[in-house]
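J.: Letter by letter, the chains look like this.
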Amino acid sequence: MSDVGTYLYAVAMERDSAATQGLTGVAGRAVQAIPHAGLVAYVSAVPLTEFGEEPLRQSLEDLDWLGETARAHHRVVAAVAAKAPIAPVRLVTIYNDEAQVRTLLERRHEAFMEVLAQIADRQEWGVKVYVPPPDDRPAQESAAGGGPGAAYLKKRQAGLHNREEAWRRAIARAELIHKTLESLAEASHLHRPQDPQLSGREDWMVLNGAYLVDEERGQEFGQVVERLRGEGVDLELTGPWAPYSFTTSVEAGAEGEQDDRR
Amino acid sequence: MSESSSVMRQPYNPSASREPANLGDILERVLDRGIVIAGDIRVNLLDIELLTIKLRLIIASVDTAREMGIDWWEHDPWLSGKSETLQEENRSLRRRLAALEEAQPSALESRDSPPDVAASVLESHDSRKRPTEAGERDE
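For the protein sequence lines, the chains are A and B, in the order given.
To get this note's numbering, take the position in the first sequence, counting from 1, and add 197.
To get this note's numbering, take the position in the second sequence, counting from 1, and add 285.
These are computed hints drawn from the structure, not numbers from a lab.
Glycine included, every Cβ here is placed at the ideal spot set by N, Cα and C.
Heads up, a few of these hints could be off.
Here are the computed distance ranges between Cβ atoms for each label pair [to be verified]:
#1 B/R381 x A/M310: 54 to 64 Å
#2 A/H358 x B/L385: 43 to 53 Å
#3 B/R376 x A/Q297: 22 to 32 Å
#4 B/E386 x A/T246: 30 to 40 Å
#5 A/D332 x B/R376: 26 to 36 Å
#6 A/E417 x B/R381: 54 to 64 Å
#7 A/A227 x B/R376: 49 to 59 Å
#8 A/E417 x B/R376: 32 to 42 Å
#9 B/R381 x A/Q255: 34 to 44 Å
#10 B/R376 x A/L387: 22 to 32 Å
Make a model of the complete structure from these sequences and hints.
T.: So this is what it looks like as structure tokens:
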């Protein structure tokens, strides 16, 4: 058993093989291309002291380590995606060695080709919709008799009611926006709205969508996003992304080999 | 291909308020999406429990949602383990509330807000809010 594993970032068609000189991946490791069977895999050799199952169990719970690793993974994916259509592989996918990666490219050839065909000439755009939360101050101060407790509860109730109303309106608006954007896209995926700590905004995030858009419609998509902004609703556009949100499963092409390590 | 590719990654329309990717954007893609390859692999993410990360990524949305009575997250398989506990807690609180109402209906009615009582009882689990709220209650 070697103490080095092969970390896989992405797969592309061999004819689109991109140069990897100077490209640094996770743990500061160099990135290499493994061309095989008409496909190319982008990998790094990683130490299993850091990327073995047990060390990963610990470090993945460490948000600093995770953030750094995710950014490094993303950097490699983005760099190779800038040159050609690629299928990004989920974070932390590690093989025993390069030979095993070649076997993968052979065995799942069809499935990879299918995925790559689907995303060719398309790019992923992210759109988030924000609305400011309603003012929590009660509309009228006193009015209610029955002591401070009852007044407090009334205020609270009114506050909750306002929030519910505002939330309903915002959700309806988000649904409309999503429908419009969806009509311009080949496919869409709704991510979970982000925690304000992640988004860095206090506003409610009411939509966190990803849209797979034909390259030639990218500009139109951006303009539509611009037009949908306003009336208290803000839209945030990110991208173009490698098509992470639309490449999820190559296991459908699996040969039924069960994971038998346990 | 190469011709269109070189065009495709240029940031067109720079005037649009396109934001740089934040860590959340990256994490939700690299952790949750992207190709998963099963079998014949040394390690992959699916082998590893990521409870802490996932909870941290969504925890505040859960708070907001709960406050607004939205429970989609309870059906999220990511959280199903956790949600079992929450649902159980919820049921048990409702039972306690019903028992309370039976024991002293007048005391609760005097608070003048039957629909909100359940909510405020449920919120009693939010320890941060507790002291103030209790302090403002009628005796």
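J.: Hint by hint, say whether it matches the structure.
T.: Structure-based check of all given hints:
Under the hint 54 to 64 Å, the C-beta atoms of B/R381 and A/M310, about 59 Å apart, fit the expected range. The hint said 43 to 53 Å for the Cβ distance between A/H358 and B/L385, and at roughly 24 Å that hint is violated. In this structure, B/R376 and A/Q297 break the distance hint of 22 to 32 Å, their C-beta atoms being roughly 49 Å apart. As the Cβ distance of B/E386 to A/T246 is approximately 60 Å, the hint placing it in 30 to 40 Å is violated.
The hint said 26 to 36 Å for the Cβ distance between A/D332 and B/R376, and at roughly 34 Å that hint holds. Distance hint for A/E417 and B/R381: a CB-CB separation of about 56 Å, consistent with the stated range 54 to 64 Å. Look at A/A227 against B/R376: about 55 Å separates their beta carbons, and that is inside 49 to 59 Å. In this structure, A/E417 and B/R376 break the distance hint of 32 to 42 Å, their C-beta atoms being roughly 50 Å apart.
The hint said 34 to 44 Å for the Cβ distance between B/R381 and A/Q255, and at roughly 39 Å that hint holds. Checking the proposed 22 to 32 Å range against B/R376 and A/L387 shows it holds: the Cβ atoms sit about 29 Å from each other.
Figure legend: structure checked against the earlier numbered hints; hints not met, in rising order: 2, 3, 4, 8.
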